[in-house]
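Trainee: Using the hints, position chains B and C against chain A.
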Amino acid sequence: MGVSRRSMLAGTAAGVLAPVVGFTGTAAAAGPVRRITLYAEALPDGLYGYGLEPGKATIPGPLLEIYEGDTLEIELVNTTDQRLSIHPHGVNYDTASDGAPLNASFNNPRETRTYTWRTRARYEASGGFWMPGSAGYWHYHDHAMGTDHGTGGLARGLYGGLIVRRRGDLLPSKQYTVVFNDMMINHRMAPDTPMFEANLGERVEWICIGHGSLPHTFHLHAHRWADTRTGMLNGASDNAQVVDNKNLDPGSSFGFQVIAGEGVGPGAWMYHCHVQTHSDGGMAGLFLVRNADGSLPAGAQDAIDRFKQHGHTGHDANPDARTHA
Amino acid sequence: MGVSRRSMLAGTAAGVLAPVVGFTGTAAAAGPVRRITLYAEALPDGLYGYGLEPGKATIPGPLLEIYEGDTLEIELVNTTDQRLSIHPHGVNYDTASDGAPLNASFNNPRETRTYTWRTRARYEASGGFWMPGSAGYWHYHDHAMGTDHGTGGLARGLYGGLIVRRRGDLLPSKQYTVVFNDMMINHRMAPDTPMFEANLGERVEWICIGHGSLPHTFHLHAHRWADTRTGMLNGASDNAQVVDNKNLDPGSSFGFQVIAGEGVGPGAWMYHCHVQTHSDGGMAGLFLVRNADGSLPAGAQDAIDRFKQHGHTGHDANPDARTHA
Amino acid sequence: MGVSRRSMLAGTAAGVLAPVVGFTGTAAAAGPVRRITLYAEALPDGLYGYGLEPGKATIPGPLLEIYEGDTLEIELVNTTDQRLSIHPHGVNYDTASDGAPLNASFNNPRETRTYTWRTRARYEASGGFWMPGSAGYWHYHDHAMGTDHGTGGLARGLYGGLIVRRRGDLLPSKQYTVVFNDMMINHRMAPDTPMFEANLGERVEWICIGHGSLPHTFHLHAHRWADTRTGMLNGASDNAQVVDNKNLDPGSSFGFQVIAGEGVGPGAWMYHCHVQTHSDGGMAGLFLVRNADGSLPAGAQDAIDRFKQHGHTGHDANPDARTHA
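As given, the protein sequences belong to chains A, B and C, one line each in that order. Residue 197 in full-length UniProt numbering sits at position 197 of the first sequence, and the numbers go up by one each step. Residue 31 in full-length UniProt numbering sits at position 31 of the second sequence, and the numbers go up by one each step. Residue 114 in full-length UniProt numbering sits at position 114 of the third sequence, and the numbers go up by one each step.
So that you can see chain A by itself, here it is in the shape it has in the complex (with noise of 0.2 Å):
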């Protein structure tokens, strides 16, 4: 397609979204109002990507990172020739930001339109039970193109991450957006899925998406993850279920960060669907680990050789194609 994956996370790595520090406590007051400008462009081979700026769409979208308590307006400028919208996981929004031809939520074709996401932290309703706040690893995507649900713009591509975080959570050196949509990965088929990146040690952040109609699960290879918020456990006897392989069916999303390579070492790790028909048909990518220094560690330049070879076999990349489960 011909968008790198580094330009998907250039809107945080320009810290346009960067999280501001300093403002703690769970309090529902609201925080501050960030405003972005989001860009929905057709792309090259029928398909569709949001932007931070005109002509730099991307699948997926820009990774969309606030703190609870902020609010976040979203100018979305259609520059195609279709309805769509922008419809998000996770957040307060009115019926007029719902995205959703239900509540006449989108943008027809060339219109700018402006949706407000507001978030909140938890609170103590009564008796010990608190009602959950917005933090989470969410994510965002057309709901008005092709069908009322969206349909035809989660097969062409418009989709992205969101996170919400709370004060105090901690932050990763490098973060990577894995969506699981039907046959693909990041709209993307081995062995042209992303190979995502970092130094040995490192913290780093998945977000992982599930959308389209077929089931699947997210397996990383030498890493693990707490099923809970964060992916992390909140102390000694924190009895979460850690896991390396989750469901990612669709419309469900979650994220964790690891420390690249840790007591496994650096090299070219696996990150693929565990439904063998899928990891077979195209649905892994590499999640390459190199040396501390930067360097590729021996045997990682073979490994990605190797990857270079597989196939997908029977499957058709083409969505349309396709029959649901």
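If you're looking for bench data, these hints aren't it; they were derived computationally from the structure. Among the hints, erroneous ones may be present.
[Unchecked claim] Chain A is faced by these chain B residues, among others (derived, beta-carbon under 8 Å):
1) Thr79
2) Ala125
3) Ser126
4) Glu202
5) Pro215
6) Arg224
7) Ala268
8) Thr277
9) Asp280
10) Arg306
[Claimed, not checked] The following label-pair restraints were derived from C-beta to C-beta distances:
11) B:Gly127 to C:Gly127: 54 to 60 Å
12) B:Glu124 to C:Glu53: 38 to 44 Å
13) B:Glu124 to C:Met195: 27 to 33 Å
Where is the CB? At the ideal position from N, CA and C, for every residue including glycine.
Mentor: Relative to chain A, chains B and C alone:
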């Protein structure tokens, strides 16, 4: 089916199984024995349902609700010419109340049979490890019609929700049972799926149940919950994942409470299966949050009118015509 | 297959990997190094298995069990004419022990190769965030036969259970490994699926593993567990969801302990996939809870006899003949 949504809540609304407040403690000591009569009846179009009174069977059946420690004795009157049963999830029963033909536990045609369900609180086994109690959002279903696994009964409507509460749990003002069963919600497809209603600010409870042979994910717009027993957190440091989309696969169930329209306002909000072919195919419905005074908010009628155009093209409502995933 | 269910527990029963009690603490300091030899062997009907002794391969392979901190060195003897490997979930390994052709980590035909798995305890990263340890109910499987993802090995029986315990964890008196793999349980279909046996009141442990390309849900009658690392709660205020039905999708695993027949009495209890076409198709088995003295409870023999009539009409036991979900 000529059965209104409200009638399926009649059991609870009428107080038949209203939780008894005031008994506290986590002791395993037996609580009261509650006795009800359920009628399994034939409905139009080859369907079947459970009801608390003759001629009042619904799909789903009545929502049953007890406290940990309670015993529930169900006299099941089979008014039909079919073999059928009632099999619960989450509670204790001996083999005679298993509801499975394996244990010769079923009602022959026209037969009445009593099933006994017991519950108990969690207790410490050893060294800080506690065996779980019965509290949870569960369900019950036929396990004898058609096949020894009740596949025929499930395909024809014999299922319902079951809540076992812990003393001190927060009680909602309204309750919604949502069953994803093959391509249907509560045996209906859009636009005939239930429209659940509440006033802004009401605490409402969702009981979500999966059945059939297809994988599903339940998504609710503009509201979210914690992935815990109650859908809430148990303190500021609780690190459970917060979700607004969760797998609802055959035999699974979960529940949660939300404050209707909290932080998002009134309106017509969608709930739907997030598997795209399923939502497009008719697995969607409305959660209508009215103004606090019960009046219809601006735009809601338009949304309802739009929803009435929701299609389910290409999918057949007859479960027997479908193949499994 | 001529392999008894008991033999698959022989590894543990014989004490080869019996956990060492007495070493406590959560330090990451390395524990003992344990060394075993595994034999990958051809079995009748085109199947393959892992075994702890020559000629004793089983499906699933032996249940391996270690403590956090332990290192396990596995000398894998490939007695077959196929390329194969062993790839674990949940533990640490460098690329040479990945078990994946990507990293040239596999046994050629007739080759012996050593794989090293390391484990470590959770530890505090910063500010109350703890990185998870290795403790969990995991599994291992071939990653090199047929395809680079081991699809051929999984379809032919090369998989088994792996438990990493935390010091102080409760130990069961019996253990059952249950693998849902396409339409089979432990490579069998009803009525030839394993019948797991215990006496009333025994603490028994279930290790549940998903493989293949179909989505599944594991359901156990009359018993339940918490959705945590151990299947138990860690205190009276633990708000983890309690379940008796849980997704068991490809690559996932979980485990739990129950007191056999607690609160429900002895009898023949079913475990099965709750996807209706799967249970009807043969994905069901028996959990036989005997009387406390080991005698058969009333009605159990009748139930066993009925189960022997369980069919699997319309499904083909040959995984190669099936299409994915």
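Trainee: Decide, hint by hint, whether the structure agrees.
Mentor: Results of checking the hints against the structure:
The beta carbon of Thr79 (chain B) comes no nearer than 37 Å to any beta carbon in chain A, farther than 8 Å, and the hint placing it at the interface is violated. Residue-level restraint check for Ala125 (chain B) is violated (minimum Cβ-Cβ distance to chain A is 13 Å; threshold 8 Å). Among the interface hints, the one on Ser126 (chain B) is violated; its C-beta lies about 14 Å from the nearest C-beta in chain A, farther than the 8 Å criterion. A cut of 8 Å between beta carbons decides the hint on Glu202 (chain B): the least distance to chain A is about 13 Å, and the hint is violated.
With a cut of 8 Å, the hint placing Pro215 (chain B) at the interface with chain A holds, because the nearest CB-to-CB distance is about 5 Å. At about 6 Å, the closest approach between the beta carbon of Arg224 (chain B) and any beta carbon in chain A falls short of 8 Å, and the interface hint on this residue holds. Residue-level restraint check for Ala268 (chain B) holds (minimum Cβ-Cβ distance to chain A is 7 Å; threshold 8 Å). Contact between Thr277 (chain B) and chain A, as hinted, is supported at the beta carbon level, the nearest pair being about 4 Å apart and thus within 8 Å.
Residue-level restraint check for Asp280 (chain B) holds (minimum Cβ-Cβ distance to chain A is 5 Å; threshold 8 Å). Taking 8 Å as the C-beta cut-off, the interface hint given for Arg306 (chain B) holds, the closest approach to chain A being about 6 Å. Taken as a hint, the range 54 to 60 Å is violated for the pair Gly127 (chain B) and Gly127 (chain C), whose Cβ atoms sit roughly 28 Å apart. Taking the beta carbon of each, Glu124 (chain B) and Glu53 (chain C) are about 41 Å apart, inside 38 to 44 Å as hinted.
Against the hinted window of 27 to 33 Å, the Cβ-Cβ separation of Glu124 (chain B) and Met195 (chain C) comes to about 32 Å, which satisfies the hint.
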